[in-house]
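Anchor point for the sequence shown: position 366 equals 366 in the numbering used here, and the numbering is continuous, going up by one each time.
Derived from the structure by calculation, the hints contain no laboratory data.
C-beta atoms are modelled at their ideal positions from N, C-alpha and C, and glycine is treated no differently.
The reader is advised that the hints may include incorrect statements.
Here are the computed lysine-lysine pairs in the BS3-like style, where the Cα-Cα straight-line distance is at most 25 Å [claimed, not checked]:
no.: 1; residue 1: Lys171; residue 2: Lys293
no.: 2; residue 1: Lys383; residue 2: Lys295
no.: 3; residue 1: Lys171; residue 2: Lys295
Have a look at the derived ranges for each label pair, beta carbon to beta carbon [claimed, not checked]:
no.: 4; residue 1: Leu214; residue 2: Glu172; range: 47 to 57 Å
no.: 5; residue 1: Asn6; residue 2: Gly397; range: 12 to 22 Å
no.: 6; residue 1: Ala384; residue 2: Thr55; range: 45 to 55 Å
no.: 7; residue 1: Glu166; residue 2: Gly41; range: 50 to 60 Å
no.: 8; residue 1: Glu170; residue 2: Gly397; range: 31 to 41 Å
no.: 9; residue 1: Glu386; residue 2: Gly243; range: 12 to 22 Å
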Amino acid sequence: NIVFKNSMDACCAALSWWAIGWALAYGGDTVSGGRNVFIGGGEFFLVSSGHFPNTAFAGWFFQWAFAATTATIISGAVAERCAVGGYIIVSIAMTAVIYPVVVHWIWSGAGWLSAFCDTSAFGRVGTNGMIDFAGSGVVHLTGGVGAFVGALIIGPRRGRFGPAGESEEEKEFRETRYRPHNQVLLCTGTLILWLGWYGFNAGSTLMLSGNASLIAAKVCVTTTLAAGCGGITTVLMSRIFMGHFDVNYMMNGILGGLVSVTAPCSVVEPWAAAVIGAIGGVVFYGYARLLLKLKIDDVLCASGVHGACGIWGVIAVGLFCTKENLISAYGVSDPTVYGLFYGGGGEQLGVQLLGIFAILVWVGAMSAIVFGVLRATGLLRVKAEEEDLGLDRSEHGGTGFQLDSRPGTPPVLKVGQVDV
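Working from the sequences, and respecting the hints, build out all of it.
The structure is reproduced here in structure tokens:
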């Protein structure tokens, strides 16, 4: 079911980003007219009445991957109880409208927060605008907020949390029952994501000519250090507070470190990236434990990895951004505003916080409307009996792991000469 939903995210994003999303994010930026600081206009279905440069096609392709990624974040939070039809509607809304507006604000040539804004024609907030190199805020916080709202509105899985006064034995049994079913796949998926992150972060230079290749190389270094420190920090915390080296927390710590460094990866020094990643691990661990206390069932803690760590990554820019890196990565000549810890004042941090607030309000409100309407119309969640049967069977007529194909027999896994 999850594999199906993630694949549908890619398919739906391809169509919705082509039809509407690109237009709202970047439409009108490459032709005259149709530009404003809040939302793009023109180039729906990639059709333009004016000159449409060939570089826009590369931009569309690269940004489609970001749009699909934003949608997939939500799938982990509402896993095991969200109906396929309702989820597809969420995915389309995210990639066609919700995410593109955030992109326009921060990454387009006309957005009110964009570091790339043409200030001679459009106003923007702050001297440099909001710096988010590869999407801690634009991609991850957007997806993380959607994940949190979705998990909150859809409610926990049946039986996930017990009643007040539950014994420690019952709590332990419940925790064991709802652990990830395959730690090997968990680790494999995390390492694939880590590898893919170099395409997102280093690829966000959008070119390799001139100084861009040097920036991309440095981004690879900062990305690596943050991921490593995030994983180590989180697994040590699990050993201290949980009594064992928890694989699940370590993998999410790696991802938390990656999300944390995604915004500042091009404007911070390697030592700062290590610190940012380590703090990202702490942020994830604390957030994950808080969700359990609040009995909010975000299955993969997607809102923690992408939302909480995304917030930290955006904030980190305002603290650790250096003057030299700002010149190199953004072409700012003799900047006077940069990281607070480097004597650049508090303006950049203030702009980063404003950007966080804007994303929280816009994505939170829009996600609440979409999920709320789906819940009210009965399209959001599967029936109790379908949830108990499992969405693989109830939604797809089979299982993710075909153990025995004989009709009318219970699942049997052959292990040597023993039927399990």
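Taking the hints in turn, this is what the structure says about them:
The straight-line distance between the Cα atoms of Lys171 and Lys293 is roughly 12 Å, inside the 25 Å bound, and the hint therefore holds. Of the pairs offered as hints, the one joining Lys383 and Lys295 holds, with about 21 Å between alpha carbons and a cut-off of 25 Å not exceeded. Of the pairs offered as hints, the one joining Lys171 and Lys295 holds, with about 13 Å between alpha carbons and a cut-off of 25 Å not exceeded. One distance hint, 47 to 57 Å for the beta-carbon pair Leu214 and Glu172, holds here, with the actual separation near 52 Å.
Between Asn6 and Gly397 the beta carbons are some 19 Å apart, a value that agrees with the proposed interval 12 to 22 Å. Taken as a hint, the range 45 to 55 Å holds for the pair Ala384 and Thr55, whose Cβ atoms sit roughly 52 Å apart. At roughly 54 Å, the beta-carbon separation of Glu166 and Gly41 lies within the given 50 to 60 Å, and the hint holds. Between Glu170 and Gly397 the C-beta distance comes to about 34 Å, which sits within the given range of 31 to 41 Å.
As the Cβ distance of Glu386 to Gly243 is approximately 37 Å, the hint placing it in 12 to 22 Å is violated.
When the structure is compared with the earlier hints, a violation turns up for hint 9 alone.
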